[in-house]
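Based on the provided sequences and hints, a complete structural model is requested.
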Amino acid sequence: MIRFDEVSKRYPGGKDALSRVSFELGTGEMAFLTGHSGAGKSTMMKLIILMERPSQGQVFLEGTNLNRVSSRQVPGVRRSVGVVFQNHQLLFDRTVFDNVALPLIIAGFSHRELGRRVRAALSKVGLSDKEKQYPVTLSGGEQQRVGIARAVVNKPPVLLADEPTGNLDPELSKEIMNLFHQFNQVGVTIMIATHDLELVSRMKRRELILDHGRLEDNAWQ
Amino acid sequence: MAVNTKSSGATIAATDLRGKALSWVGHHRQVCIESLSSLLQTWMSSLMTWLVIGIALALPTILYLMLVNVGEISGSWEGKPRISLYLVHEATEADALDLAHRLLERPGIESTLFISSADALAQFRSLSGFGDVLNTLDQNPLPGVIEIKPSITDVGQLRLQVESLRTYELVDTVEFDLEWIERLFAMLQFAERLVATLGFVLALGVLLIIGNTIRLAIENRRSEIEIVKLVGGTDSFVRRPFLYLGFWYGLGGALVAWILVQGSLLFLSTPVETIAQSYRDDFALSGPGILDSTIILIVGAGLGVSGALLAVSRHLSEVEPE
Chain H
1 MIRFDEVSKR YPGGKDALSR VSFELGTGEM AFLTGHSGAG KSTMMKLIIL MERPSQGQVF
61 LEGTNLNRVS SRQVPGVRRS VGVVFQNHQL LFDRTVFDNV ALPLIIAGFS HRELGRRVRA
121 ALSKVGLSDK EKQYPVTLSG GEQQRVGIAR AVVNKPPVLL ADEPTGNLDP ELSKEIMNLF
181 HQFNQVGVTI MIATHDLELV SRMKRRELIL DHGRLEDNAW Q
Chain R
1 MAVNTKSSGA TIAATDLRGK ALSWVGHHRQ VCIESLSSLL QTWMSSLMTW LVIGIALALP
61 TILYLMLVNV GEISGSWEGK PRISLYLVHE ATEADALDLA HRLLERPGIE STLFISSADA
121 LAQFRSLSGF GDVLNTLDQN PLPGVIEIKP SITDVGQLRL QVESLRTYEL VDTVEFDLEW
181 IERLFAMLQF AERLVATLGF VLALGVLLII GNTIRLAIEN RRSEIEIVKL VGGTDSFVRR
241 PFLYLGFWYG LGGALVAWIL VQGSLLFLST PVETIAQSYR DDFALSGPGI LDSTIILIVG
301 AGLGVSGALL AVSRHLSEVE PE
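One line per chain: the protein sequences are H and R, in this order.
Take the first sequence: its letter number 50 is residue 50 in the working numbering, and every next letter is one higher.
Take the second sequence: its letter number 133 is residue 133 in the working numbering, and every next letter is one higher.
If you're looking for bench data, these hints aren't it; they were derived computationally from the structure.
Please note: incorrect hints may appear among the correct ones.
Computed list of lysine to aspartate or glutamate pairs in EDC-like fashion (alpha-carbon distance at most 16 angstroms, straight line) [stated by the list, open to error]:
{"id": "1", "chain 1": "H", "residue 1": "K174", "chain 2": "H", "residue 2": "D196"}
{"id": "2", "chain 1": "H", "residue 1": "K174", "chain 2": "H", "residue 2": "D211"}
{"id": "3", "chain 1": "H", "residue 1": "K204", "chain 2": "H", "residue 2": "D217"}
{"id": "4", "chain 1": "R", "residue 1": "K149", "chain 2": "R", "residue 2": "E105"}
{"id": "5", "chain 1": "H", "residue 1": "K46", "chain 2": "R", "residue 2": "E110"}
{"id": "6", "chain 1": "H", "residue 1": "K46", "chain 2": "H", "residue 2": "D93"}
{"id": "7", "chain 1": "H", "residue 1": "K46", "chain 2": "R", "residue 2": "E320"}
{"id": "8", "chain 1": "R", "residue 1": "K20", "chain 2": "H", "residue 2": "E113"}
{"id": "9", "chain 1": "H", "residue 1": "K46", "chain 2": "R", "residue 2": "E105"}
{"id": "10", "chain 1": "R", "residue 1": "K149", "chain 2": "R", "residue 2": "E110"}
{"id": "11", "chain 1": "H", "residue 1": "K132", "chain 2": "H", "residue 2": "D196"}
{"id": "12", "chain 1": "H", "residue 1": "K130", "chain 2": "H", "residue 2": "D98"}
Written as structure tokens, this is what we have:
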């Protein structure tokens, strides 16, 4: 589903964010991406949704070589990947409902289908009663869950999450992880970047460890 | 909590084509309404922009309408000159009528009209308002006139005609108004060009005003654009609200222009018509008709969308999520 083939990324200024990273994440697999800050976790995420292009090597998503994707085709690729951003990336002048509905509006869903799916996604993350509120009125954790609802509302085959539990207390973190676990159970390929090593060890999943741009693959034995 | 995501590798759930089209139309309508209501929410600053655009559009429109009106007046000469033969004072009325009759036989003359010196005096008295002055004169200073409407329009032939008319004994002077008509037309043509140039420059100005306003709007909604791009919004999806914004700026500006034009014509109509009616009694200042009004609105909206396109094509690609 996701394959990195000798991928290096050097930012202007000469800093190597990733060097010769290779790994493959199979369909329906769930993995954690860990490492110190600046190890290249975000860069890997950015390469998958084409916010960045590799300096060397190739990234494949669902068999598509992303190097061959033109800028016109970028939106199509992004629609097939649900992303939970560390800083939520919510529209603060829109209601929770409108925020979650955004990917569906972009994809051109009918009005009725839209309402049904948004409510389903909101109920999954436990925010059914907040759909008319604005993100400012929500707590950090709730905003994070709005972001998760938006990432899954379009039922993408791949879900990426960048520090999804960064702002949450342990109880809520567990709930969110359960949520990811459930998505994974129905076949969604999931990659979660996180600092929370305790959580990673508890989940007993494959762990990709980044250290100064180099990858160590610790499959769960 | 039931998770009902599709099985692995699921393609993005596709809605049918009809549903897509409906949703596309729906989104257009929604963006159209949203952009207007956002302008109305900040109505003070929107009004300023509308006024600037309105003034820029109204100026050439008013000048153009003035030209149309002047053209209408000059058009009533039908572009055909009149030749006036001023007769010598010794000419009797019978001589004059005879001459007027004989002239009709000449080629190139459509009609002749004899105005006796007494008629001329009466006309002058009623039109000029110098009746009292005329009373102090002991004799009628005005000569008899034969007005000729030529059937030819060629300037060279007309000049020949005029020359040969001078040779009649009864004719004192020949006045020929072709030259000043030519001059008037030349001036009108110049004025038309001036209005066109001014219109072009001001339209360019409107384009830039709207472009700049949209650029600021893009700047203001930077984070929103980034988010929409992140979740897979296409360029046309991102562009859409800004194009509608430009459309509303242009249309609103055109509406202001229309109001300004109507207002100024209303303000000017009374004095202009008073002046005009002292010459001719059937003159009325004509404002923009339905066609002109429609053109103003279309031009305004068109400039709005074009200005927005200009700004969007230059600045939207700069906004990329980081």
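For this session: Sort out which numbered hints this structure fails and list those numbers smallest first.
Result: 2, 5, 6, 9, 11
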